[in-house]
Amino acid sequence: MTQKNRVSGGLIDRATTLKFMFDGKSYEGHPGDTLASALLANNVRLMGRSFKYHRPRGPLTAGSEEPNAIVELRGGARQEPNTRATTAELYNGLLAKSQNRWPSLAFDAMAINDRFSNFLTAGFYYKTFMWPAAFWEKLYEPIIRKAAGLGSLSMRADPDAYDKGFRHCDLLIIGAGPAGLMAALTAGRGGKEVILADEDFALGGRLNAETGLLETGDWLNATIAELSSLPNVRLMSRTTVIGAFDHGIYGAVERVSDHLHTPDVGKPRQILWRIYAKQSLLCAGATERPIAFENNDRPGIMLAGAVRTYVNRYAATPAQRVAVFTNNDDGHRTAVDLQARGVKVAAVIDTRADAPLADAYEVIRGGQVVDSKGRRGLTFVEVKQADGSMRTVECGALGVSGGWNPNVHLTCHQRGRPTWDDGLAAFVPGGELPPGMQVAGAANGVFSTHGALTSGAKAAAKMMGVKAAKAPKAEDAPVSQTPFWYVEGCSRAWLDQQNDVTVKDVKLSHQEGFRSVEHLKRYTTLGMATDQGKTSNMGGLAIMAELAGKAIPEVGTTIFRPPYTPTAIGVLGGRMRGMEFHPTRLTPSHFWAKERGAVFVEVGNWLRAQWFPLPGETHWRQSVDREVTATRASVGVCDCTTLGKIDVQGTDAAAFLNKVYCNGFAKLAVGKTRYGLMLREDGIAMDDGTAGRLAEDHFVVTTTTANAAKVYQHMEFVRQCLFPDMDVQLISTTEAWAQYAVAGPNSRRLLQKIVDAVHDISNEAFPFMACGNITVCGGLRARLFRISFSGELAFEIAVPARYGDALMRRLMAAGEEFDVTPYGTEALGVMRIEKGHAAGNELNGTTTALNLGMGRMVSKAKDSIGSKLSERPGLNAADALMQVGIKPRDPGDKITAGGHLMLLGGPVDAAHDQGYVTSAAFSPTLGSMIGLGFLKNGGLREGERMRLVSPVTDLTVEVDIVSAHFVDPEGERVRA
Amino acid sequence: MSVHDLEPITALGGAAPQVDTVAGLTCTEVTDLALASVAARLGQEKACAKKLKALLGDAAPGPGKALLAAPFSAMWMGPDQWMIGADFATHEDLEVQVKTALRSTASVTEQTDGWCCFDLSGDGIAPVMELLCPVNMRSLQSGDAQRTQIHHLGCFVVCGDPDGFIRILGPRASAGSLHHAIVTAMQSAL
Amino acid sequence: MIINHPLLGPRDSAEFVYLGDASLIDRPDPETATAEDWHAYGYLRDNPAGELRELWFHEGGDRSWLVVTRNTLTHEITSVEMARDVARAQGRSK
Amino acid sequence: MRYSGFNVIKQALTGHKGWKPAWRDPEPKPSYDIIIIGGGGHGLATAHYLAKVYGERNVAVIEKGWIGGGNVGRNTTIIRSNYLLDGNEPFYEFSLKLWEGLEQDLNYNAMVSQRGIMNLIHSDAQRDAFIRRGNAMMLNGADAEYLDLAAIKREYPFLNFDDARFPIKGGLAQRRGGTVRHDAVAWGFARSADSHGVDIIQNCEVTGFRIENGKCLGVETSRGFIGAKKVGCAVAGSSGRLMAKADMRLPIESHVLQAFVSEGLKPVLPGVITFGAGHFYVSQSDKGGLVFGGDIDGYNSYAQRGNLPVVEDVCEGGMAIMPMIGRARLLRMWGGIMDMSMDGSPIIDRTHIEGLYFNGGWCYGGFKATPASGYAYAHLLARDTPHETATAYRFDRFRTGHMIDEKGMGNQPNLH
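Chains as they are written, first to last, in the numbering used here: chain A, -15 to 960; chain B, 18 to 207; chain C, 5 to 98; chain D, 63 to 478.
In short, the hints are calculated from the structure, not lab data. Be careful, since some hints might not be right.
Among chain C residues calculated to face chain D with C-beta under 7 Å, some are [stated by the list, open to error]:
id: 1; residue: P14
id: 2; residue: Y22
id: 3; residue: P34
id: 4; residue: Y45
id: 5; residue: G46
id: 6; residue: L48
id: 7; residue: R49
id: 8; residue: T73
id: 9; residue: T76
id: 10; residue: L77
id: 11; residue: H79
id: 12; residue: V84
id: 13; residue: M86
Okay, the calculated beta carbon distance ranges per label pair [claimed, not checked]:
id: 14; chain 1: D; residue 1: D309; chain 2: A; residue 2: A650; range: 40 to 48 Å
id: 15; chain 1: D; residue 1: G276; chain 2: C; residue 2: P34; range: 47 to 55 Å
id: 16; chain 1: B; residue 1: G141; chain 2: A; residue 2: E579; range: 57 to 65 Å
id: 17; chain 1: A; residue 1: T937; chain 2: D; residue 2: D224; range: 52 to 60 Å
id: 18; chain 1: A; residue 1: D877; chain 2: D; residue 2: K231; range: 21 to 29 Å
id: 19; chain 1: A; residue 1: D877; chain 2: D; residue 2: Q166; range: 40 to 48 Å
id: 20; chain 1: C; residue 1: E55; chain 2: A; residue 2: T937; range: 46 to 54 Å
id: 21; chain 1: D; residue 1: D224; chain 2: C; residue 2: P34; range: 52 to 60 Å
id: 22; chain 1: C; residue 1: P34; chain 2: D; residue 2: E274; range: 36 to 44 Å
id: 23; chain 1: D; residue 1: K231; chain 2: A; residue 2: G923; range: 28 to 36 Å
Where is the CB? At the ideal position from N, CA and C, for every residue including glycine.
One chain only, chain A, in its complex shape:
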């Protein structure tokens, strides 16, 4: 019969039936069920296997602290390993598999480990598997790895999308139980911006799980209705606050679509909210703690409060005949509620000799459960009675209650530690809470409903300076918690059920000297499972304290770290994945280049044309060689918009550039451009570029593409922090201008067809390194710089970005008569190497002006950033690396950037390393590969023959050290 353990009542919608599958078998449940409650309703207790011993396991809890009932949810690319059945909302068509078992959940071959548990005690692996050394990777580890782990990933890209969002509030209330709801009412009615977040899909907390807490039945619904009507209150159910970060920033994950079969189109699966809260009130409630006894981990044995939740909220009983083992009154609530739903209560075993008696069921006063039986599910428990006699109690489920622990988790996220409360025999929030956070209700050790309601209202009223809302009449039972952690003499009594840490393991840990709480945790793995020890840490701590003869707080306190519950990595990544990982920057000629079939390459966040293949070109080298040759022969055009551009203005602009560049700029004439080398204060080259002087008080500075942001930041530092009284203003104009290099002997002729006739750009009127404002194409404002990266006669022309596309097309049209050729970054690189210009590979953050062959540029006549520290001996050694050119002896040989230079015939090892190759390319101009590199004392070694080795790419070639200026060393072309 289906749902044979379904009982009356509950918060489920019986009108609707949902079908779902677990391990290939189909079942039915209702909206409002979790996977666990629906399985229990169908009389399924066995839901998982433990990590180490593969013991059969059923749910221990009804919430997010669950260690046992974790499954692989969904299928295909959406497979979610380690999903708690106790919080997974049931939806129609839900698919779940048990995990960490083979071949099946009912029969798990790995359960053999349980037989050998005596050998597999805490830390056994540290003591063996050492010989022979090689066997670890080859034999032992593969076996261990295969056995380890829990659920499995689909190995396919997560198909769902995740959002990130930002919200602000005066008060963030974490937990929508009695305390949280009253706090929200209080602050909400007071007109404050309130966010009330709860991990559950139903607001109400214990009010949904318990009976008879309130005198008026409909208070909860009325309250939720009022809160939803308040515009200044945002109710966020299915939202887990995962962490309390600095200055009132909270991370919260909203599960938007996890209760659906698949997310709706365009909607995210989850949202990571960054909540900026002026203050926060933690109302996270409490977690019940178990009592350890022999074989206390069988399916059917669960926390007493969880039993109540399943029966009251989900109308599902774990079995038809249930017993209770408790050391406090809460256990009796379970018995009463079970009775009310017509479930047979086998007995209440109460450790207290003076436990209250009941007419409706048997109470075994002073009794203790000492063992349990039932292979895949509980059949009966062994009870030791007050008089020492033994008896068995037949039952399919056992509710265990050892009292309650306040959920102090988030109070520890800024490393504040909880304090021990003897009255409650539990840790309560300590003095050092995250700034702005307060705690109310059970989370603060106030366990009665009345106490929770009023403490929530009072706290919110005090924090917000408003009037406290009036609490409804509610139960106000006094709290009596006497610690009872484990049953005397037990050994295989589980503390951490998922990681299989037993009382025996804690004892061994103590015996071997691992006694601090951190050693205990790390040696036994106690509390390191997916539940992070929410139900187990206290027990382990208490037992360690007893063994060490210390009080619990002396042994140490467990420190909680974010996240509160395990959080999908996907939601922390949000939309920043795939092509959206980083923003993409497109150059003004991008769309034109795309039409031309350009191949693009990522340069930082930019996409740049790498080369422009023509029909028939089958290898990139063909395209690049053609682009280089055509440019050197006639004219080529390259989009160099990506170079950083910084507008520098002010009466001290020149003085300012004198500080940031190691070479001088004060005397640069208006209408002229100069190359500048920028050093870091530590004397190492930071960046290079050109500065064109458009007016006495106006420069346009260019930076390398990679360093644009860094250089701007550095210049602002120099301006604001070092020379605050300089009259200089900076602003980036990188993207405002489309800038194209027009290079080659015919570049002037081409530009003369574009530049308005009023502007004379002849060699006389506009010589090498000239710059100025011009107009093109009938009056469009533009800038022209006569600078050359290629070594050819060349210009860089800039127009407002929106006209860049049209200008490029115009250049191509006007250039037809010169066979104008667009070239990409590869040809650009080849030509700059042929010319010996340093670029990113040479400016690698470790090279000095001296290394770059620009030692003399560092002006001694003035102070500039980096000039002083560049004088240190280590940066001026006699055999300092100097930039050189490298040519293979045999033109057919390859040269590899990253290869190292060795003496011909000398030993090939690090001790004899002479230098390295920074850049290499095939030069169609020289007909062989060429390279730039740094060579010890390179300045004096031109003509030397050396060996270039690159063992990692299996290359050894003989090379000649030559001048780095392969093409036009005298620089005649650029001045032509």
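Mind docking chains B, C and D on chain A? Use the hints.
Then chains B, C and D, alone, in the frame of chain A:
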């Protein structure tokens, strides 16, 4: 005005501005906006402010604020630094116009094509914006102008009417990424 | 973290770029400083476990450099100043 | 008792009665020949090698809290020797060789697992740099292997080859790299040092140094003064705090580095993978958790915790390169204090105070260095000359301009 014959393209690469509508919210690419930055020269702060007031017809806005006026609007960018806006058709040479007005009291730089611009108008601005940036939409008022980050892009968010109109300025070269982020958020939130 | 910008109010620290100890403002006088002064300026830090004056650049904001006084044990921020004002107050000029 | 499979079985059959504490819990003596401050990986390793290799038995390790509680207990457990510069590579290769024989040396299974480390390459410039690095490694006797795209696809089919913003172009692999069970390293060194007579004194905080006429005579502690001929500091993370007690300013800033572990998963990763176009690296522990991290938060901190922006930055990197981990859950995040030095490289050197020695500045790379750091430090303490593999790790390299700057970031610690 220049009589050149070069056809401009929009930041998204089209001949005409792009418009996207999801539910009751419309995102419109804006191209008819000329921009120029103004930074007061050292010691000229007061003089600059005075001339700016003359140009704008009102005091230059303070930190976090914008002056939504015509023909010139203004937005605070930094200490003694503003972004001036005007209609592109009539003010393509905005830099020159502003420079003429401020003379030696300020450094003026053309910024027109340094930025792309998107207007959000209609219902649902708040839920969309809270998926994009940390600006507190619940306290945002008309005339607020905040620099913030949208999917790692440094942007300006200018509030015309918190319930009906927001203008987003972002780096022009990343117009595609910014537009994608905005439209994706619209589809997600609305 | 949240940095309370003197002009813009509370801003998420994600908008800022961090440089380090505000002593970087005290660049030695190139005329008089010794090699040891430059070494100390460039390389030695107090690195206190407690209050530290440090430089943050509001890259995602108004491009101001700020001097933030922050406790390195608790991350509590007790004061935020415009670095330019601090530099002038410390006698830096041209 | 010796650890062995035989004894594990024997003890299992006799109720595990025989296991003794892994190390004693001695009272501090009035004085020692050598005191190591810091019961972390480096301090305990130093003690082990001092006793076992250099015959120094009158040694104490003083630990403020519980041993192994610093960065050796809070890291991402990676070992490798894929360094570029002469000052570094021989040292880290020496360390890797020590790892390879460590378990037999210590009689403790620290699960040294050489399943390889692979640095992904996403641009030509990056490839050039990694080829130079790989060559430097091989020229120093280490192993390195350049993988082309086809090889990457073959070995790591689950990476993002379809819609990567920064496509993978290749990778530099070091097959001998891998991971180690980090806690076990501290415990193994401690147990071995203890067995050679070293006193490991926990819960003993150093409150000051006793320094007279430029000579260090011992340390003041929460358990009284303890004299020593030589005092070696090995408290990376807290170096600034400790050395301030000797009035020393260091070329070091303390920063927070966060690290993350996912829920346990069946094996998915062959070894360590680092993403070259974002801040993300990952491996999988023997228990099945994905252990991953990224960049430091970037601001000075002793708080041992970080903030959301870096958490998100790391996970963005993870999703970009490995979108199959989207539905794996992050279980726990933590923050450790890093000694970030001015050039990204460590210091193992004497101080200007006679008898006071310093070991620190490990940035976020200290774990892999643990054995060599201990060995070299022991050598320095015992012989007063730097170990041959650690001659460059001097205090004065910044004064003389001999920085060891692998990343080329200069004197800004948070960029290394």
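Results of checking the hints against the structure:
1. P14: Where the cut-off is 7 Å and the nearest Cβ of chain D is about 15 Å from C:P14, the hint is violated.
2. Y22: Hint on C:Y22: holds, closest Cβ of chain D at ~5 Å, below 7 Å.
3. P34: violated, 18 Å
4. Y45: violated, 10 Å
5. G46: With a closest approach of 5 Å, the C:G46 hint holds.
6. L48: holds, 4 Å
7. R49: holds, 5 Å
8. T73: It is violated, given that the least Cβ distance between C:T73 and chain D is near 12 Å, above 7 Å.
9. T76: Since chain D brings a Cβ to about 5 Å from C:T76, closer than 7 Å, the hint holds.
10. L77: holds, 5 Å
11. H79: holds, 6 Å
12. V84: For C:V84, the interface hint is violated, since the closest Cβ of chain D sits about 14 Å away, which is over 7 Å.
13. M86: violated, 19 Å
14. D:D309 - A:A650: 40 to 48 Å: Since D:D309 and A:A650 have Cβ atoms about 44 Å apart, the given range 40 to 48 Å holds.
15. D:G276 - C:P34: 47 to 55 Å: violated, 33 Å
16. B:G141 - A:E579: 57 to 65 Å: For A:E579 against B:G141, whose Cβ atoms are near 37 Å apart, the range 57 to 65 Å is violated.
17. A:T937 - D:D224: 52 to 60 Å: Because 28 Å falls outside the window, the suggested range is violated.
18. A:D877 - D:K231: 21 to 29 Å: Given about 23 Å between the Cβ atoms, the range holds.
19. A:D877 - D:Q166: 40 to 48 Å: For D:Q166 against A:D877, whose Cβ atoms are near 46 Å apart, the range 40 to 48 Å holds.
20. C:E55 - A:T937: 46 to 54 Å: holds, 52 Å
21. D:D224 - C:P34: 52 to 60 Å: holds, 55 Å
22. C:P34 - D:E274: 36 to 44 Å: This hint holds: roughly 40 Å between Cβ atoms.
23. D:K231 - A:G923: 28 to 36 Å: holds, 34 Å
In this structure, the earlier hints numbered 1, 3, 4, 8, 12, 13, 15, 16 and 17 are contradicted, and the remaining ones agree with it.
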